[in-house]
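Engineer: With chain A held as given, fit chain B onto it using these hints.
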Amino acid sequence: MQERLAGWGPEGQARLEGSTAVVLGLGGLGGTTAMLLARAGVGRLRLVDPDRVALDNLHRQILYGEADAAQAAPKAQAAARRLASANGQVRLEAVQAEFQESNGAELLQGTDVVLDCLDRPQPRFVLNELCLKLGLPWVHAGVVAAQGQLLVVRPGTTPCLRCWFPGGAEPSFTSAEHGVIGPAASVLASLQANEALKLLLGQDQALLAGMLVVRLWPPSFREVRFHRVGQEPCPACGYQAKPLRP
Amino acid sequence: MSENISIVVDGMAEAVPQGLSLPRLILLHQAQHKDLIVEINGRFVHPREYERVALKDGDRVELIHPAFGG
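So the sequences go chain by chain: A and B.
Numbering-wise (our numbering), the first sequence opens with residue 22 and increments by one.
Numbering-wise (our numbering), the second sequence opens with residue 149 and increments by one.
A few of these clues could be false.
Simulated DEER-style distance windows between Cβ atoms [what the hints assert, rightly or not]:
#	chain 1	residue 1	chain 2	residue 2	range
1	B	Met160	A	Pro254	32 to 40 Å
2	A	Ala118	B	Met160	29 to 37 Å
3	B	Ala161	A	Ala35	34 to 42 Å
Just so you have them, the derived chain B footprint on chain A, three or more residues with Cβ under 8 Å [unchecked claim]:
#	segment
4	42 to 55
5	111 to 125
6	163 to 175
7	180 to 193
8	228 to 241
Just so you know, the hints here were simulated from the structure itself, not pulled from any lab data.
In this text, a Cβ means the ideal position worked out from N, Cα and C, and glycines have one as well.
Chain A on its own, in the form it takes in the complex (with noise of 0.2 Å):
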């Protein structure tokens, strides 16, 4: 059915199979991200994580159950499982490690798209200079309790991380204190893929331009539009800020 859709058809799903794409955290973002993109039909998914699912993670972490956490099932293998369960045809490779800049490379070779659902500020910037480096585009998203952001990185095209946040990020909002709602992961995590998708399919024009911020207690969606007309260049990418859009 998906092949429908204006800018996907045969020619679209054989680009997705052919595809490769790195999801970094398996919690309450990266397991919707994963099943979304597995159900899809990304012919190859690296699924990494190094933590094993706890009773705490099931309101929002769907891909697991209580069984798992009986177990303390290390994430990236219970995820494997469940989602060769919903697509078999897809190549599944399960990696239980924590992304950091001494493997970073190691676990973005060989991929079209990077999914950022980390859990922590840092590794995330490491992330975005890693990707620059290696002119590898990915999605960033974030979310704490009902509220979170997405972002789009293509090197060399579009503001990066480090653009957003020059004086880089602190944990100042953080799930351990303020929790994570189920429905602001899980809709997080499907715009997040969305994006992706869009970026296997080559559907460039329509990605998300600029930073979408989603609040939903209440609700609202805002798209923050990019702007620095006359500063120095970012010293991570060297972008210096024009209208994405005129």
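Structural biologist: Here is chain B on its own, set in the frame of chain A:
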């Protein structure tokens, strides 16, 4: 006595003194985090520009705390 202007911050109407600077507004809202994203009338404001921004009547300001959980 300075006149007030009307702005909207995070969706709530607010009366603030004319000429109020953006850093002062951030301070008033206790939002001085280094990863704060400020949006005025739909456009991102780079932190280097904060000092140069004087708020105008009718401005719509969003003080966005990014969520880095997963």
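Engineer: Compare the structure with each hint and give your call.
Structural biologist: Status of each hint after checking the structure:
1. B:Met160 <-> A:Pro254: 32 to 40 Å: This hint holds: roughly 36 Å between Cβ atoms.
2. A:Ala118 <-> B:Met160: 29 to 37 Å: violated, 44 Å
3. B:Ala161 <-> A:Ala35: 34 to 42 Å: At roughly 53 Å between Cβ atoms, alanine 35 of chain A and alanine 161 of chain B fall outside 34 to 42 Å, so the hint is violated.
4. 42 to 55: holds (count 5)
5. 111 to 125: It is violated: at least three residues are needed, and the segment 111 to 125 of chain A offers just 0 whose Cβ sits closer than 8 Å to chain B.
6. 163 to 175: This one holds; 7 residues, not fewer than the three required, reach chain B with a Cβ under 8 Å.
7. 180 to 193: holds (count 9)
8. 228 to 241: Answer holds; 4 residues pass the 8 Å Cβ test.
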